[in-house]
Amino acid sequence: MLDKQQGARLANLWDEAKVTGMSEPEKLLYRSNLLGSDKRITNYGGGNTSAKVMEKDPLTGEMVEVLWVKGSGGDVGTIKLDGFATLYMDKLRALKGIYRGVEFEDEIVGYLPHCTFNLNPRAASIDTPLHAYVPKTHVDHMHPDAIIAIAASQNSKELTQQIFGDEIGWLPWKRPGYELGLWLEKFCLENPKARGVVLESHGLFTWGDTAKEAYETTIEIINRAIAWFEAENTAPAFGGAVKPALDSAERAAIAKRLMPIIRGLISAAEKKVGHFDDSQAVLDFVTSKNLEPLAALGTSCPDHFLRTKIRPLVVDFDPANPDIEKTVAGLSEAIVAYRADYAAYYERCKRADSPAMRDPNAVVYLVPGVGMITFAKDKATARISGEFYVNAINVMRGASGVSTYVGLPEQEAFDIEYWLLEEAKLQRMPKPKSLAGRIALVTGGAGGIGKATANRLMQEGACVVLADIDETALEAAQTELAGRYGKDFVRSVNMNVTSEAAVEAGFGDALLAFGGLDILVSNAGLASSAAIEDTTLALWSKNIDILTTGYFLVSREAFRIFRNQKAGGNVVFVASKNGLAASPGASAYCTAKAAEIHLARCLALEGASAQIRVNVVNPDAVLRGSKIWTGEWKEQRAAAYKMDVDDLEAHYRERSMLKLSVFPEDIAEAIYFLASDMSAKSTGNIVNVDAGNAQSFTR
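Taken in order, the sequence shown gives residues 1 to 699; the numbers are from our numbering.
Keep in mind the hints are simulated off the structure, nothing from the lab.
From the three backbone atoms N, C-alpha and C, an ideal C-beta is built for every residue, glycine too.
Incorrect hints may appear among the rest.
To be verified - Straight-line Cα separation of at most 27 Å, DSSO-like style, residue types lysine-lysine; simulated pairs:
no., residue 1, residue 2
1, K212, K52
2, K39, K186
3, K136, K96
4, K96, K326
5, K431, K566
6, K681, K566
7, K56, K27
8, K27, K52
9, K80, K487
10, K174, K39
11, K212, K193
12, K80, K91
13, K256, K212
14, K96, K39
15, K256, K326
16, K96, K425
17, K18, K80
As the list claims (entries may be wrong) - Computed beta-carbon distance windows for the label pairs:
no., residue 1, residue 2, range
18, Q280, S37, 19 to 27 Å
19, Q154, R484, 42 to 50 Å
20, G684, D106, 51 to 59 Å
21, Q161, S37, 29 to 37 Å
22, G21, D82, 18 to 26 Å
Could you put the whole structure together from the sequences, leaning on the hints where they help?
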């Protein structure tokens with residue numbers, strides 16, 4: 001039986017008032033964004049939309065027919081007008097004259113740039129001929145779960161006829177490309193009354209004379225499929241549940257335990273970032289009787305397959321008798337076996353010109369009774385891969401409930417995964433940034449140095465967890481950084497570094513969010529100023545608790561994760577010039593900072609054998625953006641120097657050897673250096689960023 005979300009009908013979101021006055025390309029954009037707003041219609045980056053529009057040729061001034069079609073690599077849900085390729089229809093039709101047959105269909109892709117209208121730099125996708133040759137003005141190609149469930153059924157042709165009659169046709173499996181475009185044209189010419197076609201193991205094409213008609217046809221056809229499954233698919237999902245689903249807290253605990261270990265085992269060649277999904281659709285699958293046989297069949301839709309690999313890895317875990325340590329002990333062997341199986345698949349299917357074998361590790365890890373873990377080169381890709389596999393789960397639920405589910409044939413799957421056109425696209429991808437795939441946790445992350453550090457690490461591709469006790473500042477910092485780099489790359493946790501429980505919980509949240517940890521920036525801090533005789537035990541203890549005990553607690557937790565991952569690690573302490581150079585009236589602060597520095601040295605010794613590096617950055621007088629300098633500390637230091645608070649920055653600048661102010665970004669740059677591979681052979685070091693202070697020289 002379909003779950004509640006699958007069974008719900010799609011809403012017709014078309015608003016005629018909004019499209020009044022829009023051009024045809026603008027209506028295409030509106031329609032595309034509506035269709036892409038619901039993952040039941042198409043997954044991220046999947047599907048295409050198009051419109052054939054009459055436009056003035058910039059050379060001749062004559063009106064010509066132009067195909068507007070989603071460009072290569074775009075996403076219909078978020079696309080803008082500049083995401084569409086534009087091509088002359090007469091030139092696209094002229095390609096038929098040079099087409100040499102199906103054995104040479106890939107070479108047509110090289111001719112698509114010659115069809116470009118108005119020097120549009122957006123590259124046309126492989127699906128362009130599929131839209132060009134459908135003799136309709138507006139065409140939608142979507143990947144709806146309910147339709148692919150029909151397309152992936154053993155008797156998909158008969159089911160299509162049964163559900164839609166002659167309104168919707170059916171074509172057998174054919175890899176997307178020029179030949180399939182010709183097939184679609186032939187179908188339309190032979191079936192002029194048809195409103196669309198189901199492509200076996202692939203998806204749905206629908207069309208219309210107007211943008212509205214195309215959109216409403218797409219919605220109507222998908223809703224008819226949903227309604228049919230709702231009536232016909234009454235059997236227990238996937239053969240019924242045979243394993244219990246653990247409660248949410250237990251599921252999270254298991255995921256936190258497994259994710260860093262899996263990550264360490266698969267990140268030798270490239271760092272990976274994880275995503276955890278225990279939604280109801282996933283739980284239905286990972287508790288079911290048919291989990292393993294269905295998972296072994298792989299996915300059907302090419303888009304699903306490209307994101308999730310030939311098949312997932314089902315983790316050996318029994319939720320009825322949970323023994324997590326037994327599961328952990330067996331992970332290495334299971335992952336090695338998966339890699340060997342993948343290599344055998346490559347050897348069976350490779351062709352003379354196939355690219356070299358790529359990463360043989362699984363993308364999707366299914367844990368019975370717990371959920372699904374996905375790993376990829378970054379968080380967005382891991383999340384999207386998970387979404388694609390949820391689509392695949394929905395497809396398997398529907399197809400296996402009314403027929404027999406059929407995955408993509410192995411050779412076809414290989415030919416898509418190692419398609420030379422796909423390889424060329426991969427080769428054009430920009431070089432990964434220096435911290436791509438790295439995961440960092442920054443304490444004091446909402447303050448001046450903390451936020452600047454997070455920003456610098458994210459600039460280089462890292463995922464960052466901001467940890468702080470200031471909820472308001474934390475929320476603001478996360479919002480700012482998410483707006484700059486994307487929501488996938490930043491999380492926040494409320495963490496009091498003096499609380500053992502809070503530290504453990506915060507690091508656990510980081511593991512669940514990203515799957516592991518590579519970098520700890522221990523930066524949480526405070527400052528105090530008082531003569532020794534005026535220093536209370538409470539003030540002394542507060543400094544020690546935050547600046548020494550806090551640094552110990554977060555380092556201990558990071559070390560535990562690093563050792564579980566077995567992939568090294570990196571700790572950077574933000575200490576202070578005062579850890580090396582004593583100051584009068586600040587004994588508690590100076591002592592705690594000195595202890596930080598010595599703790600770092602101890603940790604550098606302990607971590608070296610496990611490739612865990614520990615280094616220190618010593619700032620001085622970083623006033624701008626600092627929460628420490630916004631309160632009484634600033635007033636206390638001004639009083640100590642008998643000056644106005646507004647004169648402090650100039651005072652510290654003139655006191656320095658270089659006569660320069662030190663800013664949060666300066667500290668962040670030093671932290672980035674120590675956290676990156678630029679300092680791969682450095683540990684136990686101290687970098688002073690204080691514009692020059694002879695007292696704090698490390699000799």
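Hint compliance check: list the failing hint numbers for this structure, sorted ascending.
2, 4, 13 and 14
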